[in-house]
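Student: Got chain A sorted already, so can you dock chain B onto it with the hints?
This is what each chain is made of:
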Amino acid sequence: MAIVTAQKTPDRQPPLSETSIIGWMQKNLFSSITNTILTVITLYIVYLTVKGIYIWGFADATFVAENRRECYNNSLTGACWAGVIDWMDNIMYGRYPRDELWRINAGGILVVLWMAPLWMSKVKGKIFIGISVVMLYPFLAGYLFSGGSKGLFMQVMVSGAIVAFIANMLNMIIGLTKNQSLVQFLLRIFNQNNASDKTQRNVILGIMIISFLAIFLWQISFNLEKVGWTQWGGLFLTLVIAGVGIAASMPLGVILALGRRSRLPVVRVLSTSFIEIFRSVPLITVLFMATTMFPLFMPDGFVLNKLVQVIIAVILFNACYMAENVRAGLQAIPKGQFEGAHTIGLGYWGTMGLIVMPQALKHMIPNIVGNFIGLLKNSTLVSIIGLFDILLMLRSISRDVPWLGLHREPLIFGAVLFFILCFSMSKYSRHLEKKLSTDNKS
Amino acid sequence: MTTKTQKSQLSSAASNEVIIEISKMNKWYGDFHVLKDINLNVHQGERIVVCGPSGSGKSTLIRCINALEEHQEGEIIVDGILLGKNLKNLSHIRTEVGMVFQNFNLFPHLTILENLTLGPIWVRKMGKAEAKETAMKYLERVKIPEQADKYPGQISGGQQQRVAIARSLCMNPKIMLFDEPTSALDPEMIKEVLDVMVDLAETGMTMIVVTHEMGFAKTIADEVIFMDEGDIVERNNPHDFFGKPEHERTKQFLSQIL
Numbered sequence: 377m378a379i380v381t382a383q384k385t386p387d388r389q390p391p392l393s394e395t396s397i398i399g400w401m402q403k404n405l406f407s408s409i410t411n412t413i414l415t416v417i418t419l420y421i422v423y424l425t426v427k428g429i430y431i432w433g434f435a436d437a438t439f440v441a442e443n444r445r446e447c448y449n450n451s452l453t454g455a456c457w458a459g460v461i462d463w464m465d466n467i468m469y470g471r472y473p474r475d476e477l478w479r480i481n482a483g484g485i486l487v488v489l490w491m492a493p494l495w496m497s498k499v500k501g502k503i504f505i506g507i508s509v510v511m512l513y514p515f516l517a518g519y520l521f522s523g524g525s526k527g528l529f530m531q532v533m534v535s536g537a538i539v540a541f542i543a544n545m546l547n548m549i550i551g552l553t554k555n556q557s558l559v560q561f562l563l564r565i566f567n568q569n570n571a572s573d574k575t576q577r578n579v580i581l582g583i584m585i586i587s588f589l590a591i592f593l594w595q596i597s598f599n600l601e602k603v604g605w606t607q608w609g610g611l612f613l614t615l616v617i618a619g620v621g622i623a624a625s626m627p628l629g630v631i632l633a634l635g636r637r638s639r640l641p642v643v644r645v646l647s648t649s650f651i652e653i654f655r656s657v658p659l660i661t662v663l664f665m666a667t668t669m670f671p672l673f674m675p676d677g678f679v680l681n682k683l684v685q686v687i688i689a690v691i692l693f694n695a696c697y698m699a700e701n702v703r704a705g706l707q708a709i710p711k712g713q714f715e716g717a718h719t720i721g722l723g724y725w726g727t728m729g730l731i732v733m734p735q736a737l738k739h740m741i742p743n744i745v746g747n748f749i750g751l752l753k754n755s756t757l758v759s760i761i762g763l764f765d766i767l768l769m770l771r772s773i774s775r776d777v778p779w780l781g782l783h784r785e786p787l788i789f790g791a792v793l794f795f796i797l798c799f800s801m802s803k804y805s806r807h808l809e810k811k812l813s814t815d816n817k818s
Numbered sequence: 531m532t533t534k535t536q537k538s539q540l541s542s543a544a545s546n547e548v549i550i551e552i553s554k555m556n557k558w559y560g561d562f563h564v565l566k567d568i569n570l571n572v573h574q575g576e577r578i579v580v581c582g583p584s585g586s587g588k589s590t591l592i593r594c595i596n597a598l599e600e601h602q603e604g605e606i607i608v609d610g611i612l613l614g615k616n617l618k619n620l621s622h623i624r625t626e627v628g629m630v631f632q633n634f635n636l637f638p639h640l641t642i643l644e645n646l647t648l649g650p651i652w653v654r655k656m657g658k659a660e661a662k663e664t665a666m667k668y669l670e671r672v673k674i675p676e677q678a679d680k681y682p683g684q685i686s687g688g689q690q691q692r693v694a695i696a697r698s699l700c701m702n703p704k705i706m707l708f709d710e711p712t713s714a715l716d717p718e719m720i721k722e723v724l725d726v727m728v729d730l731a732e733t734g735m736t737m738i739v740v741t742h743e744m745g746f747a748k749t750i751a752d753e754v755i756f757m758d759e760g761d762i763v764e765r766n767n768p769h770d771f772f773g774k775p776e777h778e779r780t781k782q783f784l785s786q787i788l
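Heads up: the sequence lines are chains A and B, in that order.
Each position in the first sequence, counted from 1, maps to that position plus 376 in the working numbering.
Each position in the second sequence, counted from 1, maps to that position plus 530 in the working numbering.
Don't take each hint at face value.
Straight-line Cα separation of at most 25 Å, DSS-like style, residue types lysine-lysine; simulated pairs [said to hold, decoys possible]:
| id | chain 1 | residue 1 | chain 2 | residue 2 |
| --- | --- | --- | --- | --- |
| 1 | A | Lys500 | A | Lys811 |
| 2 | A | Lys498 | B | Lys680 |
| 3 | B | Lys655 | A | Lys500 |
| 4 | A | Lys738 | B | Lys680 |
Heads up, incomplete: computed chain A residues facing chain B, CB under 7 Å, no partners named [what the hints assert, rightly or not]:
| id | residue |
| --- | --- |
| 5 | Gly712 |
| 6 | Glu715 |
| 7 | Gly716 |
| 8 | His718 |
| 9 | Thr719 |
| 10 | Ile720 |
| 11 | Gly721 |
| 12 | Gly723 |
| 13 | Gly726 |
| 14 | Ile731 |
| 15 | Pro734 |
| 16 | Gln735 |
Since the hints were derived computationally from the structure, they do not count as laboratory data.
For every residue, glycine included, the Cβ atom is placed at its ideal position computed from N, Cα and C.
Isolated chain B, as found in the complex:
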């Protein structure tokens, strides 16, 4: 087997610098307590995989990190900036934190290339030629430069997701969040997306990935977090997490998914 996901564990690129600091964070949807007293520190270059049953709050957690969802209690500090109502901070955070969604969320009325250059041109105020150059560089990195002039509706799901990754990378973010990036894909397309993510991990990007792909978690994760009912139940390196899970709920979850 030559797939990258089957390769042995990548060496860690984590440094000592803390880039995401979450303390005592709580979130409710109406009466429903989604996240309960979450404490989590992520270091620069660290790669974290979050797993757990559906409804456990794992997507909500990463959506809080780039302020797509508002949290009600506690603190989230990303790259030294405290998340809150300050709109200027908000747009700053969003340009520093890239996010990839389950449903890609590409802009269907723009070509692939325009999808990629939109952020650099309008938010980063980059020149058009430079933005195009950057976009082509990242399209080559996700291995679909030949699709640049097509519309999202004309390419496959796997290709769309790779474009979505490239779109986030064009903003040159410090952190990348992945919200179940392969869940909406056909099985034969999952690998091409995971390969791109492994490539990205090799460059030392800080990544938080919500996924059910345990093979992927074993390959790239520095740490695996298991969430259930709004709690972080267990947090460990992948070797120990999969080898000897400590908590009863983790064992149960793993026995169902592996």
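Next comes chain A alone, as it looks inside the complex:
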């Protein structure tokens, strides 16, 4: 009886319920009478909902009309999308001058092109791309959107941004076609690829300075027409507020979180009270404070425009939430990691920047993206203090004479738009989580 089976048992196919769709449905949807009844009822409700939406939103809907009267003449039971379509430019760009809309589109295309190489595995120098998009793009976009005459500072920053963008694009093309970086390519052209580090650096620096000067001289010759911030609006304004808020609150949040965990009591108390105060006040209060109270504390004659005040308020408010997310991530890092870093001689910033933050950020991705989504949605609150963001634009449709009383369609359109934006952010964060966790099985 010592041997239980003399032969190896051969592998068999799994039962039907594990592989086929019908098997799965039998097991999960129709396993018992109650389950079957529930399934049928649920499917019927889903059917009714989808049918209702389809008839109202598509079958009976009016897409082309001059005004709401025409919509009603066409069909009483369908949606009147014509109003939304008629107002589409307003919803997207607000009251931005119609001849200058290309500037907003160009700004959008620029940032997409600028960041695209970050997702291409063949392209090198991703850190520089990431830094340049945060440090230089805002100046270029800011000038593109607002225009007017450039001060010296803006001239320098805009030229720098243009040079960086061109270099970035060339780097991307060379990376994709020749699988090397722009620097390597330039060195090969000038026959310097075997020269010493110092000569190589000088050559690259020289090329950079020459192209910077060329761009600088070129950009002096033209100025874009000035567009005041009061004309900004729609989805564009929402994205500007949310985008700047996201980009700036992240580093500020990290600093606040580090401050809260600092050993220095003064830094700790200041950071903690800042976080706690801003977190216990609703955003709308912070926005009112920023626009009505803030000017009272400023010296006479010092006028900060309302948009800047609002953006500052959003950044500070969001940085506090971000700080708490970062703190949670930091607390998940075991003490041994700090000790390991100390024993190879890393100081505070080295330990944080090289060891702790990269690991903590990975834990924080779901919370941070959740925060970004919240910020994007919260930014519609600025409509209450009179900024013509997307929400206020959508609501204005019902006050426009031809579309008087048209509430439902614009708001549903806004909801769908926000859903698409937020859902894609959330999907991307899932993807990012998965990617980072397979890189590193621990």
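Tutor: Here is chain B on its own, set in the frame of chain A:
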């Protein structure tokens, strides 16, 4: 038996130069008096094994030597530098003193090679190519060069601990501290780590090892220190320490562990 740990006692590499000087050192955790009036001199090239029951303060002692823990009274002088609040001294000491932990404390988000080159590149300001070369040299010495591109989570505990040893060696330290390096390992992996440590001892490195591996202590130690309740109870060469322990507490400890 061919294992290195079974070989006869290594010859001593200790010189006359004192590299660690601890005098009248006291440490408290809150009210708890962990280390009591510790006096200890370690010479260059000396290999010391510290043993004792848990809670006796042996880990705390070596953690004080590279300033992971702050001591409250007395003096610790490492390589001529007085440990204290001076931050510059602190980072200097930590680069001179390597440390290996019970739980390895490798950086899970970096590859083995990046774990090794991080210190040389960022602290020693070494070039990347040179740092990589050094790292590969030490990985070969701990006999796992083929694992260089894996992540710590993908290799065994014994291999992780050997990487941790190599990581410390990459900083070219003068002293190596080991805090129970084999306690978290499966029995069949202990030997591979001990072999690496014996190899290291043969190069004349100054080593302080907290361990319960008495076979290892017999092979490499110049001196064995027995600690109990914050005191250094007995200090002797391994032959006499294991052959004829003097103190009652030492005898009791050895009878339980051997």
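Student: Are the hints correct? Go through all of them and say.
Tutor: Hint by hint, here is what the structure shows:
1. This hinted pair checks out: Lys500 (chain A) and Lys811 (chain A) have alpha carbons roughly 19 Å apart, not beyond 25 Å.
2. Proposed proximity of Lys498 (chain A) and Lys680 (chain B) is supported: the alpha carbons are some 21 Å apart, at most 25 Å.
3. About 23 Å separates the Cα atoms of Lys655 (chain B) and Lys500 (chain A), which keeps this hinted pair within 25 Å; it holds.
4. Between the alpha carbons of Lys738 (chain A) and Lys680 (chain B) the distance comes to roughly 19 Å, so the proposed pair stays at or under 25 Å and holds.
5. Of the supplied interface hints, the one on Gly712 (chain A) holds, with its beta-carbon coming within about 4 Å of a beta-carbon of chain B, less than 7 Å.
6. Interface hint at Glu715 (chain A): satisfied, since its Cβ lies 6 Å from the closest Cβ of chain B, which is below the 7 Å cut-off.
7. Here the hint on Gly716 (chain A) is kept, as its CB sits about 3 Å from the closest CB of chain B, short of 7 Å.
8. For His718 (chain A), the suggested interface contact is upheld, since its CB lies about 6 Å from the closest CB of chain B, less than 7 Å.
9. Given the 7 Å rule on beta carbons, the hint for Thr719 (chain A) holds: about 4 Å separates it from the nearest Cβ of chain B.
10. For Ile720 (chain A), the shortest C-beta to C-beta distance to chain B is roughly 3 Å, which falls under 7 Å, so the interface hint holds.
11. The beta carbon of Gly721 (chain A) comes within 4 Å of a beta carbon in chain B, closer than 7 Å, and the hint placing it at the interface holds.
12. For Gly723 (chain A), the suggested interface contact is upheld, since its CB lies about 6 Å from the closest CB of chain B, less than 7 Å.
13. For Gly726 (chain A), the suggested interface contact is upheld, since its CB lies about 6 Å from the closest CB of chain B, less than 7 Å.
14. The interface hint given for Ile731 (chain A) is met, as the beta carbon of that residue sits about 6 Å from the closest beta carbon of chain B, less than 7 Å.
15. The interface hint given for Pro734 (chain A) holds, since its Cβ lies 5 Å from the closest Cβ of chain B, which is under the 7 Å cut-off.
16. At a threshold of 7 Å, the smallest CB-CB gap from Gln735 (chain A) to chain B is about 5 Å, leaving the interface hint in force.
Taken one by one, the earlier hints all hold for this structure without exception.
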